[in-house]
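There are 2 protein chains.
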Amino acid sequence: MVLYMIGLGLYDEKDITVRGLEAVKKCKRVYLEMYTAILMVSKEKLEAFFEKEVIEADRNFVELGCVDMIDAAKEEDVAFLVVGDPFCATTHSDLYLRCVESGVKVEVIHNASIVSAVGCCGLQVYRFGEIVSLPFFTEKWRPYSFYEKIKNNKDKGLHTLVLLDIKVKEPTEESLARGKQLDYMEPRYMRTHQAAEQLLEAEANLKQGVYDEATPCFGLVRVGTATQRVVSGMLKEFVGMDLGEPLHSFVICGEMHHIEEEMFKYHHHGK
Amino acid sequence: MVLYMIGLGLYDEKDITVRGLEAVKKCKRVYLEMYTAILMVSKEKLEAFFEKEVIEADRNFVELGCVDMIDAAKEEDVAFLVVGDPFCATTHSDLYLRCVESGVKVEVIHNASIVSAVGCCGLQVYRFGEIVSLPFFTEKWRPYSFYEKIKNNKDKGLHTLVLLDIKVKEPTEESLARGKQLDYMEPRYMRTHQAAEQLLEAEANLKQGVYDEATPCFGLVRVGTATQRVVSGMLKEFVGMDLGEPLHSFVICGEMHHIEEEMFKYHHHGK
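Protein sequence lines, in the order shown, are assigned to chains H and A. Residue 244 in our numbering sits at position 244 of the first sequence, and the numbers go up by one each step. Residue 1013 in our numbering sits at position 13 of the second sequence, and the numbers go up by one each step.
Derived by calculation from the structure, the hints in this document are not laboratory data. Just to be clear, a hint being listed does not mean it is correct.
Selected chain H positions facing chain A (in silico; Cβ < 10 Å) [said to hold, decoys possible]:
hint : residue
1    : V18
2    : V100
3    : V108
4    : S113
5    : A117
6    : G122
7    : S133
8    : F137
9    : N152
10   : L158
11   : L163
12   : V223
13   : E262
14   : M263
15   : Y266
16   : H269
Quick reminder that beta carbons are idealized off the backbone N, C-alpha and C, glycines included.
The following block holds chain H by itself, in its conformation from the complex (with noise of 0.2 Å):
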């Protein structure tokens, strides 16, 4: 029997590829990962659409609980849904691991992915350096190690793909000290106008000149999404700028090449 990990790709249920769908169609039970990325289109519309339950598997199910899907798969086809590629996010290595070390057969379906997306924008993928994560400041925390990365990235006249924080399942200060059951806060995504303001802070700080207030920079909004938005712009004209509901994806540009100079203009203030 197969264990298949399908990417869902960037936006709702149709972006499943149709050997992915086959897939899903075969299997009796179909698990959901949802808590390295989010997904676009609600669980109940996926349902619809694959015409069957629909098991949500949140960081504890993958953490402890998986020996029940593992099991599953000894015995008949189970389908492991991922948001984007199923191999862009490191647990589903782990996950593999598991299930090939339990004589489970795996089968990966891949699919889009932000880290191959990015192209939409007119930068070549070929051109990217390290992909950074740019983490939610708070009160004490605020690491700046992003910048480093942008640093070597920039030295070498690459581009750099910036990655948003998520929280999504994060208990409670409160309810953590409480230490029972667990509270939830309201998901977070950081938006591109908050990218802006921690990545000026860093290099306020930090003072190396990695790029400034007129860094060329594109914001990517909802990519592969109905309401899809590119825009390109100065890094300080983002702080002042509401790119509307997540997910946000942010780029600083290094050397362009004519024709991505030519994208950037296209897309400047998201015209």
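For chain H, the structure is supplied; the task is to place chain A on it using the hints.
Coordinates of chain A only, in the frame set by chain H:
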């Protein structure tokens, strides 16, 4: 009217997304981009699956003839199919701009690309540096420019995805000299054993100790297809290893985290 730029993903007709398939179904004209990547399935199979004719677009088409396609898109919906993701090759930005400048709306339907699917080997996509391309060396032309880029990645502990050269629709030198009707060479696809040889040659000549015979690497073979192989080993081991039919890609590992090492061990020699 809309010009749909639709990613076909990595393998066969079933890797198109449901959204992509719906778009194809409503277009009278369907073009297939045949010059930056190779399709792992025949055009005829695509046509049978879509139940419509598919027009081949080669390099000349996009450089000269795509005017027809853009004109058609002013009157009716048109599909432009691209292997992998539509924005993982330069010229599609160019096409995109030509369309919007002509007043044609473009809608992009993303799909998997090797750029994100490389994660299937178990290395985290966030820990890759700049992608490099490895061209076929000729007697006189042995460019080592990839070496410096691998060095930069290695210096930061990052992995490197090495895209291997593809020669498709290359005119023969004789027919170029003759000038009129061009004859084309057989398509050629670099494989991992050739990649390993060329990489070691560059190191032997430039001697900066970027990698050596014992450097851990991955060979990625026909990723996303039914006959996919993921093989890890030392760089030297790949020289004598025949991993079969194309397409091949290669990965030079940087520093590996625990789970990455586990995946490396699991894939050792393609077990």
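Going down the list of hints, with the structure as the test:
Taking 10 Å as the C-beta contact cut-off toward chain A, the hint placing H/V18 at the interface holds, the least distance being around 4 Å. Hint status for H/V100: holds, given a least beta-carbon distance of 7 Å to chain A, under 10 Å. Residue-level restraint check for H/V108 holds (minimum Cβ-Cβ distance to chain A is 6 Å; threshold 10 Å). A least Cβ separation of about 4 Å between H/S113 and chain A falls short of the 10 Å threshold, and the interface hint therefore holds.
Given the 10 Å rule on beta carbons, the hint for H/A117 holds: about 5 Å separates it from the nearest Cβ of chain A. Interface restraint check for H/G122: the shortest CB-CB distance to chain A comes to about 5 Å, inside 10 Å, so the restraint holds. Nearest Cβ of chain A to the Cβ of H/S133: about 7 Å, under the 10 Å cut. The hint holds. Checking H/F137 against chain A: minimum C-beta separation of about 20 Å lies over 10 Å; hint violated.
With 10 Å as the threshold, the beta carbon of H/N152 comes within range of chain A, its nearest partner Cβ sitting at about 6 Å, so the hint holds. Hint on H/L158 holds. Least Cβ distance to chain A is approximately 6 Å, under the 10 Å limit. Residue-level restraint check for H/L163 holds (minimum Cβ-Cβ distance to chain A is 8 Å; threshold 10 Å). Annotation: interface hint on H/V223 holds; nearest CB of chain A at approximately 8 Å, less than 10 Å.
A distance limit of 10 Å between C-beta atoms decides the matter here; for H/E262 the minimum to chain A is near 6 Å, and the interface restraint holds. With 10 Å as the threshold, the beta carbon of H/M263 comes within range of chain A, its nearest partner Cβ sitting at about 5 Å, so the hint holds. A cut of 10 Å between beta carbons decides the hint on H/Y266: the least distance to chain A is about 6 Å, and the hint holds. Because the beta carbon of H/H269 sits about 15 Å from the nearest beta carbon in chain A, more than 10 Å, this interface hint is broken.
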